[in-house]
Amino acid sequence: MLVKVNGLIIRSVKYGETSLIFDMYTEQYGLASFIVNGARKARSKLPASLFQLTNWLQIIAYIKNPRSLSRVKEAELILPYHDIPFNLYKSSVALFITEVTQKTIRENEANPNLYHFIFETYRQLDQTHGSIKDMHLIFLLRLSHHLGFIPHNNCSPARPYFHLVSGNFVSYDHPIHTLDRDL
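Add 25 to a position in the sequence shown, counting from 1, and you land on the number used in the numbering used here.
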C-alpha cells in the first residue's frame, strides 16, 4: 500500500551497486527502514544526496509492515535548510542531534510529541542568528523530558552537588555519583 510519510534521516548506507538503505524517524511509525533502488545512478530520479543525514523528507513508499524494509517511490525535502549546510557550527550541532536521536530512539511506535520536538529543534537551529553554543545541551535536557527522566531543578547553595542516580541536587559530595555545580 502506498503511504505518505514524513521524517528525519538518521542513518544511510550504500546497498549493492546503486541502492541505498536508510533509517528514518517518522511521525506516523516511529523508527522505520526504507530502500531506494538506483539512488546512486548518474541520472537517478531520487538522487543519493536527498537521503543524507539530518534531511527532513516526505516520502511516498510501499509499506506492508512498518517493522520491515519498505521501498520508496517518491521523496522530497520538507525542511530545506538555509544556514545549516553553510555553517560549520550549526552542521556539527545538527549531526550531534541526529546521532543522539539514532542512539536513543529504538521504538517502532509513533510518538508525535517527540517527533515535533525534534523537528522544531532543527527548524530553530537553521533559523537562529544568535549564539548556538549551548543548543546541544538544551536539546539533551529537553529530550530527557520526552524520554521520561528529566532532572529535578532543586539547586541551591545548600544543595550544590548533582546526584547522577537520583537526578536531583544534594548537600553531600559522593565522588562516584555526584557532579560539582562548577561542572
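Hints listed in this document are in silico derivations from the structure and should not be mistaken for laboratory results. Worth double-checking, as some hints may not be accurate.
No farther apart than 27 Å at their CA atoms in a straight line, the calculated lysine-lysine pairs in the BS3-like style are these [what the hints assert, rightly or not]:
id, residue 1, residue 2
1, LYS70, LYS89
2, LYS128, LYS115
3, LYS98, LYS66
4, LYS158, LYS89
5, LYS128, LYS158
6, LYS115, LYS98
7, LYS115, LYS39
8, LYS39, LYS158
9, LYS39, LYS66
10, LYS89, LYS115
11, LYS29, LYS39
12, LYS29, LYS66
13, LYS70, LYS29
14, LYS158, LYS98
15, LYS66, LYS128
16, LYS70, LYS158
17, LYS128, LYS89
18, LYS115, LYS66
Label pairs and their calculated CB-CB ranges [as the list claims (entries may be wrong)]:
id, residue 1, residue 2, range
19, SER169, HIS107, 27 to 33 Å
20, PHE174, GLU42, 29 to 35 Å
21, LYS70, ARG131, 29 to 35 Å
22, GLN77, LYS29, 26 to 32 Å
23, THR43, ASN193, 31 to 37 Å
24, VAL195, LYS39, 45 to 51 Å
25, TYR40, HIS177, 42 to 48 Å
26, GLN53, ASP198, 23 to 29 Å
27, THR43, SER169, 39 to 45 Å
Think of the CB as a built atom: it goes at the ideal place given N, C-alpha and C, for glycine as much as any other residue.
### Query
Of the hints stated earlier, which fail here?
4, 6, 8, 10, 14, 15, 16, 18, 20, 22, 23, 26
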